[in-house]
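One letter stands for each residue in the lines below.
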Amino acid sequence: MYKNSIFQKTTFGRFLYSKRKALKKRRVVGTLMLTSLIDAFSILVVYLLMFFSDTSELNYISDGLELPKARLIERLDRYFILSVKKEGYFVEDKKLSSDELVSYLFSLKKKLEQSQLSYTSKDHKQTITIQADKSISYKKLSPLIQACSQVGFSHIKFAVLGE
Amino acid sequence: MSRKDNVDYQLDLTPFISLLSVCICFLLLTVTWFQIGALSMKQVIGNPSLKQSQSKKEESQLWIYMKSKKKIEVRLKKGQNLISQKVIKFSKSNRDFEEFHDYIVSLKKKYSSLTTAFILPEASVIYEDIIKVMDNLRQEGLFDMGLAPL
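Going down the list, the sequences are from chains A and B.
First residue of the first sequence: 1, per my numbering; consecutive thereafter.
First residue of the second sequence: 164, per my numbering; consecutive thereafter.
Simulated from the structure, these hints should not be mistaken for lab results.
Hints are supplied without guarantee of correctness; some may be wrong.
[What the hints assert, rightly or not] Derived contacts from chain A toward chain B, CB cut-off under 8 Å, selection only:
hint	residue
1	Ile38
2	Leu44
3	Glu74
4	Lys111
5	Leu161
[Stated by the list, open to error] DSS-like, lysine-lysine: derived pairs with alpha carbons at most 27 Å apart:
hint	chain 1	residue 1	chain 2	residue 2
6	B	Lys241	A	Lys69
7	A	Lys85	B	Lys233
8	B	Lys234	A	Lys86
9	A	Lys134	B	Lys234
10	B	Lys234	A	Lys85
11	B	Lys234	A	Lys140
12	B	Lys230	A	Lys139
13	A	Lys69	B	Lys271
14	B	Lys232	A	Lys86
15	B	Lys205	A	Lys95
16	B	Lys252	A	Lys139
17	B	Lys205	A	Lys134
18	B	Lys233	A	Lys140
19	A	Lys86	B	Lys249
20	B	Lys249	A	Lys69
21	B	Lys230	A	Lys140
22	A	Lys85	B	Lys205
23	A	Lys69	B	Lys233
24	A	Lys134	B	Lys232
25	A	Lys134	B	Lys233
26	B	Lys205	A	Lys86
27	A	Lys157	B	Lys230
28	B	Lys232	A	Lys139
29	B	Lys230	A	Lys69
30	A	Lys109	B	Lys272
31	A	Lys157	A	Lys94
32	A	Lys139	B	Lys271
33	B	Lys232	A	Lys69
34	A	Lys140	B	Lys271
35	B	Lys240	A	Lys157
36	A	Lys85	B	Lys230
37	B	Lys205	A	Lys111
Every residue, glycine too, gets a C-beta built ideally from N, C-alpha and C.
Please construct the entire structure, taking both the sequences and the accompanying hints into account.
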């Protein structure tokens with residue numbers, strides 16, 4: 001383009017032209033430094049591994065349920081979970097009335113007693129996890145605690161979020 | 164091997180990057196950003212194991228009465244004898260139960276063997292407040308907790 005132009009006849013034009021020619025001839029091979037990228041990825045993997053949980057099914061919280069927060073918490077093991085919301089008592093999505101609580105827990109206890117599964121130790125047979133909304137009053141929670149004691153669930157675990 | 168031979172060898176890092184990318188994607192999908200735990204307690208009334216511990220051992224026990232009017236009455240008992248008693252009010256500004264916590268700390272310093280506490284809330288007490296009380300007790304080493312139904 002510049003070959004026969006007036007611009008090419010100027011000193012600066014000639015300089016630019018020679019530079020372009022030189023660049024065309026040079027073999028440009030760029031190698032990206034991947035070591036730092038691997039370092040960054042490794043840090044990210046370690047960071048994510050810290051939050052990794054193999055007990056994700058235990059972390060299931062029903063819709064419309066806000067758990068209270070606590071500082072010093074225990075590990076939540078695989079126990080039977082019962083939810084208490086403002087609307088009532090729930091086992092998964094099934095709603096239970098306060099009158100049905102005892103009969104339901106009794107049938108559950110019976111099943112656990114008969115169960116031969118490895119994880120149903122004596123402790124498991126006496127423990128129940130309660131997921132209750134933080135804003136409910138004790139009036140709502142008390143019938144459940146009473147029902148648990150009637151049936152024989154002497155250990156109650158309240159699910160909480162770590163602060 | 165001659166001296167002129169190039170011995171620099173570059174490891175191909177592309178598969179490592181691929182592997183790490185897959186790892187990151189997997190971990191991002193399975194990560195839990197919130198930590199669910201539990202606060203355990205025993206049922207006070209009708210629990211034979213607790214009754215036995217109450218009657219046989221003359222250990223000091225903490226009885227916490229949570230009142231509906233944002234009050235907590237703390238009673239320290241040894242058997243049937245009342246050793247100490249305090250009424251603590253909690254307002255919106257004192258939601259973390261600092262005063263209650265300080266009192267528990269002072270009791271624990273005095274009576275290091277104190278490990279049992281019974282919580283007796285009234286009907287209108289909010290569940291979150293009960294959990295805060297339990298959390299404060301656990302922080303001071305009172306792990307044997309009982310909750311009395313209405």
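Outcome of the hint check:
Taking 8 Å as the C-beta cut-off, the interface hint given for Ile38/A holds, the closest approach to chain B being about 6 Å. Nearest Cβ of chain B to the Cβ of Leu44/A: about 6 Å, under the 8 Å cut. The hint holds. Using the Cβ-Cβ criterion of 8 Å, the hint placing Glu74/A at the interface with chain B is satisfied: the shortest such distance is roughly 5 Å. Hint on Lys111/A is violated. Least Cβ distance to chain B is approximately 21 Å, over the 8 Å limit.
Against a cut-off of 8 Å between C-beta atoms, the interface hint on Leu161/A holds, since the closest Cβ of chain B lies about 6 Å away. About 32 Å separates the Cα atoms of Lys241/B and Lys69/A, which puts this hinted pair outside 27 Å; it is violated. For the proposed pair Lys85/A and Lys233/B, the alpha carbon gap of about 23 Å is at most 27 Å, so the pair holds. Of the supplied pair hints, the one linking Lys234/B and Lys86/A holds, its CA atoms being roughly 24 Å apart against a limit of 27 Å.
Taken as a hint, the Lys134/A and Lys234/B pair is honoured in the structure, with Cα atoms around 19 Å apart against an allowance of 27 Å. A hinted pair counts as satisfied when its Cα atoms are at most 27 Å apart, and Lys234/B with Lys85/A qualifies at roughly 25 Å. Restraint check: the Cα-Cα separation between Lys234/B and Lys140/A comes to about 20 Å, which is no more than 27 Å; the hinted pair holds. Between Lys230/B and Lys139/A the CA atoms are separated by roughly 13 Å; this keeps the pair inside 27 Å, and the hint holds.
Proximity of Lys69/A to Lys271/B is assessed by CA-CA distance (about 24 Å); at most 27 Å being required, the pair is judged to hold. Using a Cα cut-off of 27 Å, the hinted pair Lys232/B and Lys86/A holds, with the two alpha carbons roughly 21 Å apart. Proposed proximity of Lys205/B and Lys95/A is supported: the alpha carbons are some 25 Å apart, at most 27 Å. The straight-line distance between the Cα atoms of Lys252/B and Lys139/A is roughly 21 Å, inside the 27 Å bound, and the hint therefore holds.
Under the criterion of a C-alpha separation no larger than 27 Å, the hint pairing Lys205/B with Lys134/A is consistent with the structure, at around 20 Å. Our distance criterion of 27 Å between C-alpha atoms is met by Lys233/B and Lys140/A, whose separation comes to about 18 Å. A hinted pair counts as satisfied when its Cα atoms are at most 27 Å apart, and Lys86/A with Lys249/B does not qualify at roughly 33 Å. Of the supplied pair hints, the one linking Lys249/B and Lys69/A holds, its CA atoms being roughly 26 Å apart against a limit of 27 Å.
With a C-alpha separation of about 16 Å, the suggested pair Lys230/B and Lys140/A falls inside the 27 Å cut-off, and the hint holds. For the hint pairing Lys85/A with Lys205/B, the CA-to-CA distance comes to about 22 Å; that is within 27 Å, so the pair holds. Of the supplied pair hints, the one linking Lys69/A and Lys233/B holds, its CA atoms being roughly 19 Å apart against a limit of 27 Å. Taking the CA atoms of Lys134/A and Lys232/B, the gap is near 18 Å; set against the 27 Å cutoff, the hint holds.
A distance of roughly 16 Å separates the Cα atoms of Lys134/A and Lys233/B; the hinted pair therefore holds under the 27 Å criterion. Proposed proximity of Lys205/B and Lys86/A is supported: the alpha carbons are some 24 Å apart, at most 27 Å. At roughly 23 Å between alpha-carbon atoms, Lys157/A and Lys230/B fall within 27 Å of each other, so this suggested pair holds. The hinted pair formed by Lys232/B and Lys139/A meets the criterion: a straight-line CA distance of about 15 Å does not exceed 27 Å.
With a C-alpha separation of about 21 Å, the suggested pairing of Lys230/B with Lys69/A holds against the 27 Å cut-off. The straight-line distance between the Cα atoms of Lys109/A and Lys272/B is roughly 41 Å, outside the 27 Å bound, and the hint therefore fails. At roughly 21 Å between alpha-carbon atoms, Lys157/A and Lys94/A fall within 27 Å of each other, so this suggested pair holds. With a CA separation close to 31 Å, the supplied pair Lys139/A and Lys271/B exceeds the 27 Å bound.
Between Lys232/B and Lys69/A, the direct Cα distance comes to roughly 22 Å. Compliance with the 27 Å bound is thereby established for this hinted pair. Straight-line distance between C-alpha atoms of Lys140/A and Lys271/B comes to about 32 Å, which puts the hinted pair past the 27 Å bound. With a CA separation close to 26 Å, the supplied pair Lys240/B and Lys157/A stays within the 27 Å bound. Between Lys85/A and Lys230/B, the direct Cα distance comes to roughly 22 Å. Compliance with the 27 Å bound is thereby established for this hinted pair.
Among the hinted pairs, Lys205/B with Lys111/A is consistent with the structure: their alpha-carbon atoms are about 22 Å apart, no more than 27 Å.
The structure fails to meet hints 4, 6, 19, 30, 32, 34 from the earlier list, while all remaining hints are met.
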